[in-house]
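Asks: The chain contents come next:
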Amino acid sequence: VSQRAAARADARPVGWRARVRARERIGHLALHAALIGGSLLFLVPFFWLVSTSLKLTGRELVMPPQWIPDPLVLDNYQKAVTRLPFPLYLRNTLIVTLTATFFGVLTASLAGFGFARLRFPGRGLLFSLCLAALMIPTIVTLIPEFLVFKQLGLIDTFWPLVLPPSLGGGAFAVFLFRQYALTIPNDLDEAARVDGADAFRIWWSVILPLSKPVLATMAVLAFIQHWNDFLRPLVYLNSIEVRTLALGLRSFLGEFTTAWNLLMAASTLMILPILVLFFVAQRYFVQGIVMTGIKG
Amino acid sequence: MAASVRRRPGRLLRREAIEGYLCVLPWLLGFVLFTAGPMLASLALSFAKWEVLSPLEWIGVGNFARMAQDEKFYTALVNTAIISLGSVPLQLALALLLALGLNQKIRGVALYRTVYYLPSQVPLVANALLWLWIFNPDFGLANVFLEALRLPPQQWLWDPNLAKPSIIIITLWGVGQAMMIFLAGLQGIPESLFEAAAIDGATLWARFRHITLPMLSPILFFNLVIGIIASFQAYFTLVFITTKGGPANATLIYIIYLFQKAFEDFEFGYSSALAWVLFVVVMGFTALQFRLARRWVHYEGGDRP
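Protein sequences appear in the order of chains A and B.
Mapped onto this note's numbering, the consecutive letters of the first sequence carry residue numbers -16 to 279.
Mapped onto this note's numbering, the consecutive letters of the second sequence carry residue numbers 304 to 608.
Taking lysine-lysine pairs in the BS3-like style, the calculated list, with each CA pair at most 27 angstroms apart, reads: (1) LYS547/B <-> LYS133/A; (2) LYS547/B <-> LYS352/B; (3) LYS133/A <-> LYS352/B; (4) LYS352/B <-> LYS375/B; (5) LYS467/B <-> LYS375/B; (6) LYS547/B <-> LYS467/B.
Treat the hints as calculated values from the structure; they're not laboratory data.
Go ahead and model the full structure; you've got the sequences and the hints to work with.
Replies: This is the structure we're talking about:
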């Protein structure tokens, strides 16, 4: 192929290379123009969000809208944090999110390790069941689950939000860890076995330290999932004391239907931690998406 | 496997088996208590009538017979089909277009990627509130935009004819997720293929049509089916907060109707039957994905992985 290419290149007239480069540059310019146009469209909602949140009450209803608020005020953020029980909602969300993420990642890695590295009768069947669970819509299991938690008197507590994900961390996390653990060379376990280590020891001191990237990906995915979760809190939580941010934010909508600057300030506050997480752990976000999206 | 050929003594094998069960035990417990158990329970409930104050009563296929007569059930099915089939293919097309643009070697590509990706990470509730404000008929950005184009203002989410398109527009803002998947897929296509084609004088379109598209088809197809399945559930938060199924049931999608029956009307029998119909539909799509993928999707090396 390269010989043919060389032959063709030789046969071209002298100005060819320059012309190709010029055409490429025009192509790139057009691409930049299109991408910048698109970027503006994608960024405008963010701008609108922040701009509204910085407006004095009443100014958000001025038409045509002020893009840069005059005066710029932080009142709405102050109100969102003080008048609405924002710190309480944040605390609740953090309790649920961090507990569920921690135990979910822990138990999912343990199960994934078992499926990848240990041989026991029924392993194939159990792992198929785990994969099959990926297909089941949450709402199908939610109805009986709700009835049981209600029977147990656990409505309006964090248990229904924390307990299910803490046992296994979800089928996908188990799958993710198993796939990763399969790629770690076996001789490490064998060596540890010879030294008298049992499976838990191997999982804890050999496999987990080698699995930091996949653990981080699992943690990021779980954190976002629980931070975002709306359906379960909506079903299980009623009173203000236990509301999570997602639920609380929606109740702001009911209480302050027209206070859009306040609502946008509260929304911004809910988005911020995810943005921070994104910029800190960008790599694991992208890994997570690619792994969730490409093949099941 | 090398290890099994070596034939370990039975005692060690038994120990490994016990350890194996212990390792998967927490997951297995969760699976039995929160997946398998509830699945069976909801299957049983779908043959029962059980409402808040009335005792449980077995009614055979009564719930399914009721469904056949339930006009709202059909409305929900049609709405779900329109919104899912409108949103997912559009999202994938846009995602592919963006990914192709961002796969070029141009300056600032990392910045562009971040810009297009970030909206997909906005928490769902915040996203719904933001768009509710953007589509506000009196003071929203959407009508400001229309005015700039000298078009008449619209009622958006409050207009039965525009509510579905409005929801679809909102979902398009979250296209970044699919874009990243396609970008990863594009980067997996060997450069040499494009070089060879360029040397043979293939046009941009020919290269896209005969290299990119076939090489990307497994990812494209997988994401189409998975995206449609996911959309049955994923739009719950958005629709619940913005329209709650209105106006005039224009955005009453299946998951919203199911939620209303289960957790607002507390009709646990009927809603379980609705849930199982959803599950069967999802299984159908999954089976379709496996069957069709074998038939027409190109996998490198000729064989399915």
